[in-house]
Every structure is written in C-alpha cells, then in structure tokens.
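> Each chain, written out:
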Amino acid sequence: MMGKGKPSQKSASSFSLKGTFIAVMLLGVFILASWFGAYALFIAR
Amino acid sequence: MSTKQLTFSKQESTLYMVFMHVTFVSLLIGGLMGLLQTLVRSGKYTLPFNIDYYTILTVHGVILGLVLTTFFIIGFQFSLLGKTVGISKKQLRAAWLSFWVMLVGTVMAAITILIGEASVLFTFYAPLQAHPAFYFGLAFVIIGSWIAAITNFRQLYVWKKANKGQKSPLLAFMVTINMAMWVIASLGVATAVLIQFIPWSLGYAETINVLLTRTLFWYFGHPLVYFWLLPAYMAWYAIIPKIIGGKLFSDSLARLAFILLLMFSIPVGFHHQLTEPGIDPTWKFIQVVLTFMVIIPSLMTAFSIFATFEITGRRKGYRGVFGWFRKLPWKDVRFLAPFIGMLAFIPGGAGGIINASHQMNSLIHNTIWVTGHFHLTAATTVILTFFGIAYWLIPHLTGRTLTAKLNRLGILQTIIWTVGMTIMSTSMHIQGLLGGPRRSNFSEYAGGEQVATWINYQLAQAIGGSILFIGIILMVYIFIQLAFFAPRGHEEYPIAEEESDALPTPKVLENWYLWVGLTIALILFAYTIPVIDIIKHSPPGSVPFSWPIGRS
Amino acid sequence: MHFHKYEKIWLIFGSGSLIVFLMVLGFAAFWKGTHPQSHIETIDPQNIEAHEAFQAENLGLHEVEDGKYIVNIVASAFNYDLGKDENGDIVKTIRVPKGSSVLFQITTRDVVHGFQVAGTNVNMMVEPGHISRFETVLKNNGEFTIVCNEYCGIGHHLMFGTVEVY
Chain F
527 MMGKGKPSQK SASSFSLKGT FIAVMLLGVF ILASWFGAYA LFIAR
Chain G
83 MSTKQLTFSK QESTLYMVFM HVTFVSLLIG GLMGLLQTLV RSGKYTLPFN IDYYTILTVH
143 GVILGLVLTT FFIIGFQFSL LGKTVGISKK QLRAAWLSFW VMLVGTVMAA ITILIGEASV
203 LFTFYAPLQA HPAFYFGLAF VIIGSWIAAI TNFRQLYVWK KANKGQKSPL LAFMVTINMA
263 MWVIASLGVA TAVLIQFIPW SLGYAETINV LLTRTLFWYF GHPLVYFWLL PAYMAWYAII
323 PKIIGGKLFS DSLARLAFIL LLMFSIPVGF HHQLTEPGID PTWKFIQVVL TFMVIIPSLM
383 TAFSIFATFE ITGRRKGYRG VFGWFRKLPW KDVRFLAPFI GMLAFIPGGA GGIINASHQM
443 NSLIHNTIWV TGHFHLTAAT TVILTFFGIA YWLIPHLTGR TLTAKLNRLG ILQTIIWTVG
503 MTIMSTSMHI QGLLGGPRRS NFSEYAGGEQ VATWINYQLA QAIGGSILFI GIILMVYIFI
563 QLAFFAPRGH EEYPIAEEES DALPTPKVLE NWYLWVGLTI ALILFAYTIP VIDIIKHSPP
623 GSVPFSWPIG RS
Chain D
23 MHFHKYEKIW LIFGSGSLIV FLMVLGFAAF WKGTHPQSHI ETIDPQNIEA HEAFQAENLG
83 LHEVEDGKYI VNIVASAFNY DLGKDENGDI VKTIRVPKGS SVLFQITTRD VVHGFQVAGT
143 NVNMMVEPGH ISRFETVLKN NGEFTIVCNE YCGIGHHLMF GTVEVY
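Protein chains in written order, with the working numbering: chain F, 527 to 571; chain G, 83 to 634; chain D, 23 to 188.
Check each hint, because a few of them may be wrong.
Unchecked claim - Some, not all, of what chain G presents toward chain D, calculated at C-beta under 8 Å: (1) N132; (2) D134; (3) V292; (4) D362; (5) P363; (6) V371; (7) F374; (8) Q441; (9) P519; (10) S522; (11) S525; (12) Y527; (13) V533; (14) T535.
Claimed, not checked - Only pairs whose alpha carbons sit at most 20 Å apart, straight line, appear in this in silico DMTMM-like list of lysine to aspartate or glutamate: (15) G/K92 with G/E573; (16) F/K536 with G/E580; (17) D/K120 with G/E531; (18) G/K249 with G/E579; (19) G/K86 with G/E574; (20) G/K618 with D/D66; (21) G/K242 with G/E592; (22) G/K249 with G/E592; (23) G/K329 with G/E580; (24) G/K324 with G/E573; (25) F/K536 with G/E573; (26) D/K90 with D/E186; (27) G/K329 with G/D414; (28) G/K86 with G/E580; (29) D/K161 with D/D88; (30) D/K114 with D/E186; (31) F/K536 with G/D583; (32) G/K487 with G/E574; (33) D/K54 with G/D362; (34) D/K106 with D/E79; (35) G/K86 with G/E531; (36) G/K324 with G/D414; (37) D/K161 with G/E288; (38) G/K618 with D/E63; (39) G/K324 with G/E580; (40) F/K536 with G/E579.
It is worth saying that the hints were derived from the structure and are not from the lab.
Even for Gly, the Cβ is constructed at its ideal location relative to N, Cα and C.
All chains, full assembly: derive it from the sequences and hints.
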C-alpha cells in the first residue's frame with residue numbers, strides 16, 4: 527500500500543507523534559482564528 | 083478486536099446491496115434537484131412545466147438528507163454487523179422488513195412531494211400543512227429504521243451470549259451506539275409526527291402547538307446529523323487504518339469518543355432554535371454549553387486519525403516530522419475520498435462552533451452560510467467517506483473487484499467533488515455572512531447594491547453546482563460498473579486490527595445501562611424544564627395553512 | 023485506557039479554547055444582555071390586533087425619544103406590513119439616523135417567518151402565537167435589505183423591505 531519500506535514490529539508507543547501534535551495544534555489555531563474572526567464581525571455590526 | 087471476519091451468504095449480500103441501490107438512485111435524483119436549484123438561483127434559468135422551486139428544494143432535502151443517508155447507513159451498518167457478529171435467518175427477515183417499510187414510506191412521501199402536495203421542505207415546519215400521506219410516509223421511514231435498530235441490538239446481544247466475557251467487536255459496538263442514539267432521538271420527531279401532525283393533518287385536531295413541534299423536531303434534528311457522521315467516524319477509526327496498512331490507534335479511545343458522541347449529541351437541539359421567541363435564553367445557553375461538549379470527541383478523533391497515519395508511516399520507515407504524510411496512499415481512492423472528507427471537516431467543524439455560539443448565531447442564522455456549512459459536513463465529509471466505503475463495499479457484495487481503471491475514475495470523481503464543493507460552499511459561506519438568505523428562490527428583493535452582490539455569489543454557486551453534478555453522474559457510473567460490470571473476483575472488506583501489545587479495553591466502556599442511563603439523564607436535564615415552560619405558556623394553537631405551499 | 027502525552031496537551035488546549043469561547047459568550051449574554059432574541063410574550067395568532075402594537079395605525083416606525091425608535095411589524099405570507107405613510111401609501115423602507123437605537127417588534131398572523139435585516143445582527147424567527155423583539159443600535163450607514171429567511175411558502179422570496187441608515 528505505502529510503497530517501499532518494510533513494516534517493523536516495533537510497538538506503536540515507541541514512535542514519535544510530533545507530526546500529529548503539530549497537525550492538531552494547527553487545527554486548533556484555525557478554529558481559534560475563525561471563531562474570533564466571526565466574533566469580530568458580530569461585534570462590528 | 084476479533085480478527086475473525088465472517089463471510090457473507092448470497093442472501094446477506096443481496097440484502098445489503100438493495101440498500102445501496104436505493105442510495106445511488108437517490109443520489110442521482112437528489113443531485114439533479116440540487117443542480118436545478120443552483121441554476122434557478124443564478125437568475126438565468128427558469129424551471130420547465132411550471133415546476134415550483136420549493137418542490138425541487140423539498141425533494142433535494144428529503145431525498146438526500148433523509149433517504150440517501152438513512153438507506154446507506156442502515157445498509158452499511160447491517161454489513162458491518164454481518165462481518166463482525168453475524169446475522170441469523172430470522173434477523174435477516176427482520177432486516178428485509180425494515181427495508182420494505184422504509185421504502186414504502188419513502189415512496190409515499192416522494193410521490194406526495196412530487197405532485198406538489200408537500201412543498202414544506204425537509205423540516206416541514208407547522209403550521210404549513212402538507213397532505214397527510216407525507217406525514218404517514220415519514221412515520222413509515224422512522225418505524226422501518228426502528229425495526230433495523232432492534233435487529234441490530236439483537237445481533238450484538240446474540241453474539242455476546244455466545245461469546246461470554248469477550249468484548250464486542252469495535253465496529254459492532256459503534257453501530258450499536260449509533261442506532262441507540264437514533265432511536266432515542268427519533269422518538270422526538272415520531273412524537274411530533276404521530277401525536278401532533280397526523281391528527282392535525284387529518285382534521286381531528288383543529289390546531290397545533292408550533293413551538294412544541296419545532297422543539298421536538300430539533301431534539302431529533304441535531305442527533306440526526308450525528309447519525310450521518312458516526313458511520314463516517316466508524317470508517318475513519320476502524321477501516322482507514324487497514325487501507326493504509328496500519329493498525330487501530332486505540333480501541334478504548336475510539337469507544338470513549340463514541341460514548342461521548344452518544345451522550346452529547348442529543349441534549350443540544352436548542353442551538354438550532356437560538357433566535358426563536360418563547361424559549362428562555364438561559365436554557366438556550368445551557369444547551370450551547372452541552373453542544374460544546376460534543377466537540378471534544380471530535381477533537382479526540384482528529385488526534386487519533388493523525389496518529390494512525392504517523393505511526394503507520396513511521397513503522398514503514400518514513401522519517402522527519404511529516405515524512406509519513408507524503409507517503410500516504412494518495413492513489414488509492416478508498417483512502418483519498420475519505421481523506422478529503424476529513425479535511426472538509428476542519429472548516430466544517432470550525433463553522434459549526436460559530437453556528438452554535440449563542441448570540442453570535444444571529445450572524446448566520448438561516449443565511450446561506452448554513453447551507454454552505456452542511457454542504458461541507460454532510461455533503462463532503464460524510465458523503466465522500468460514504469463514497470470511499472462504496473468503492474470496496476459494492477464490489478465485495480457483488481463478487482467483483484475495484485479495477486485500476488475504476489480506481490482512477492474514483493480519484494477523478496473525488497477531485498471533481500472537491501473543486502465543485504470548494505467553489506459552491508465557499509461562495510455560500512461568504513454570501514451568508516453578507517446576509518443572503520437560505521432556502522429562497524431567485525429574487526432581487528428591493529434591488530440595490532447588497533442584493534446585486536448576493537446574486538454574484540449565486541452565479542458562483544451555479545458553477546460549483548454544475549461541477550458537482552458532473553461528479554454525481556460519474557459516481558453513479560462507477561456504482562453501476564461496480565454493481566454489474568466490473569470483473570469477477572474478491573474485494574477485501576478492510577477492518578483494522580488492534581496492535582498486538584494493545585492495552586486491554588476497560589469493561590466499563592461496554593456498560594450499556596450506564597451510558598444510555600447518563601444519556602437519558604442529560605436529556606431530561608436539558609429539556610424537562612424548558613418543555614414544561616413551552617407547554618404551560620403556550621399561546622392559542624395554529625390552524626393549518628395549505629395555500630402558502632400552493633395546495634388548493 | 024491510555025492517553026498519549028501529546029493528546030492530553032491537545033485536549034486541554036482544545037477544551038480550553040472552548041471554555042474561552044463560552045466565557046466570552048456567557049459574559050456578553052448574562053452581563054451585557056446580548057442574548058439572542060428570546061422574547062417571552064404570547065399572542066392569539068388569530069387576533070393579533072388585540073395587542074396595541076400590532077393595530078394597523080401603530081405599525082411602522084415611531085420615535086419614542088431622541089435617537090430611540092420602535093418599529094412594529096406584522097408578517098404574513100408573503101408580506102411585511104410596515105404601516106402606511108401620511109399619504110396613505112404602503113411603507114417599504116424604514117429610515118433612521120446612524121447611531122439610533124431601534125427596537126424591532128414583530129409577530130405573524132399565519133405561518134412561521136424569519137426577519138433579518140441583512141448585514142446587521144437583527145435576525146429572528148417569527149412564530150405564530152409569539153412576539154419577537156430585538157433591540158439594537160444601528161452603527162453603520164447603508165441600505166440593508168429586510169429578508170424573510172425562514173421558508174413560509176411559494177412566495178417566500180417575495181417578502182422583503184429595506185432599512186436605510188443615514
């Protein structure tokens with residue numbers, strides 16, 4: 527499925543989840559930005 | 083999770099397939115209506131044969147929002163249970179009964195709408211009054227779905243009895259959660275239809291309590307959208323990992339997320355009624371808080387999905403912070419379509435938080451922003467995931483295979499959908515913020531600059547809508563190929579397995595009395611006092627109005 | 023059951039953001055009184071004239087004191103009744119100076135309607151048997167279209183008016 531590379535048998539918890547963490551934090555920033563954007567529009571009206 | 087997959091008998095496959103046939107016929111009809119709506123709203127096209135805009139709008143909403151979703155979900159869920167816990171001969175007959183009852187209801191409602199006797203839209207707000215056959219049709223669809231739900235509960239119960247002490251298969255657990263939510267929620271709309279609408283439409287009751295019908299409808303209306311979303315989550319949690327060559331991230335966290343979704347999807351209907359008179363704003367705010375609680379399991383889901391991708395990629399040896407991301411199976415439509423669905427849920431979810439934000443709701447309430455919102459969540463997140471499921475489920479059921487060519491067409495379909503929806507949904511969001519109303523035929527209102535701006539966005543929506551309709555035709559073509567013409571063979575039914583060293587799942591997660599009990603307690607907390615208020619302080623009821631929807 | 027360290031941080035951050043949103047909304051709603059329209063006052067939908075505000079001569083714009091206005095409106099399929107002017111002509115446009123505080127008061131004599139002054143925060147459901155009211159300060163100049171934003175029948179899109187802030 528995922529091209530080259532042999533799946534290792536290492537335990538899942540031994541892998542870093544740094545990419546996941548950055549991805550979800552970006553998602554959080556997006557939520558904050560859009561909410562405060564809408565709130566600003568609400569206040570301006 | 084048990085690694086054992088059951089094989090479908092011929093009879094089973096036929097059952098699951100009939101649900102799929104209804105799904106894709108609905109897609110074609112409902113999609114055509116959607117196209118016509120965007121064309122009419124561009125101001126450059128009028129419907130032939132004196133067909134009313136609101137008739138096609140009602141068809142679009144009912145066929146796609148109620149029929150397509152319910153048939154796909156119930157068929158897909160039956161197949162999930164068939165794979166994981168099995169189905170007996172008796173249960174199979176009950177499943178067929180549910181199908182026929184739902185189909186009869188659908189046809190009744192559809193005919194009533196098509197002859198112009200029920201242009202009341204998807205929400206059928208009183209005191210607009212449709213022909214009684216419309217309400218009877220809806221009642222049959224709901225009752226049919228209950229038969230399916232009871233059958234599903236029975237399937238898991240029988241398995242549990244035969245496998246004492248074992249935890250239920252994850253997907254079977256998830257299906258049960260979704261159907262439990264559906265039954266609890268649809269009691270609301272069933273009450274409104276059976277006790278309020280039907281007697282009133284037949285003339286036995288002179289008047290109807292409008293605010294109560296709306297409250298009962300939205301008690302159902304929000305869990306309804308979660309009823310659509312949860313099957314997509316099932317695929318994201320338990321099927322996508324297998325497709326990308328990975329394992330489940332966490333069986334327990336997946337179950338916990340589903341339990342939270344069950345508990346917090348229902349006591350939140352007031353966030354659809356935020357600008358209504360007659361409801362105490364404190365109770366509205368309490369339900370806003372509960373609405374925000376239902377976001378948390380989605381935050382958990384986001385983490386779980388990314389983590390599955392990352393662990394799978396890293397196990398295959400891809401390095402760097404995002405190396406795993408580039409190597410996802412982008413050329414596999416079974417992955418790509420649901421993935422785009424996940425992406426769409428980012429703006430979809432963020433928009434949803436804005437919608438539910440109490441007084442801020444007046445910024446977007448009943449503007450076409452809302453239409454743009456649920457075309458991201460329902461018509462992209464949910465539908466693209468359903469398409470992603472269909473690419474393997476249909477051939478699995480028909481004993482055919484998803485060929486490389488059909489896979490390529492599927493990728494093309496996904497791209498067309500993404501482009502069309504980005505154009506349509508974005509312009510709807512912007513037009514909504516500028517105040518453009520939803521659910522409206524083309525109109526220049528009093529003219530002026532503001533309205534001229536809206537119409538420009540409506541032109542963009544017509545372009546997006548046309549692209550989407552091309553996507554629908556392509557999808558229906560792919561469905562026909564997979565159902566009747568693709569080469570014979572075996573298509574995998576992908577169900578992810580747990581890690582070999584996964585932690586045991588706590589038993590409490592399967593304590594149905596506890597979770598259903600808490601769900602009911604939360605509902606009673608959120609609704610008892612405001613509903614008593616609504617009934618106690620109700621104004622004189624409303625007599626029926628048929629002429630505004632063009633009935634004589 | 024085990025939460026990864028990063029997942030814990032993420033969930034605390036995410037839930038924290040939600041709490042911040044709720045605090046902003048709750049403070050504005052309960053201390054500043056910016057709840058969404060939730061007026062609790064019933065009326066007989068078949069006899070709305072029993073309420074003074076909805077008698078024909080009281081419909082439309084009234085200045086109650088300097089810079090403070092009331093607008094009484096009756097919605098019906100498919101029209102907003104904003105009263106008549108001195109010449110007996112039907113009013114379709116409401117004109118108020120910028121910065122005015124305007125109380126919109128509306129009910130319906132038939133089905134459910136919406137009432138939105140597009141481009142402002144005036145957005146409410148209008149339901150038979152209930153009176154909807156919302157007070158706001160119109161801060162910005164311009165012509166704002168009044169639209170019915172809840173489906174009320176096949177003439178739904180023909181229900182409109184204008185608010186002009188000068």
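> Go through the numbered hints given earlier and state which of them the structure violates, listing their numbers in rising order.
1, 14, 25, 35, 37
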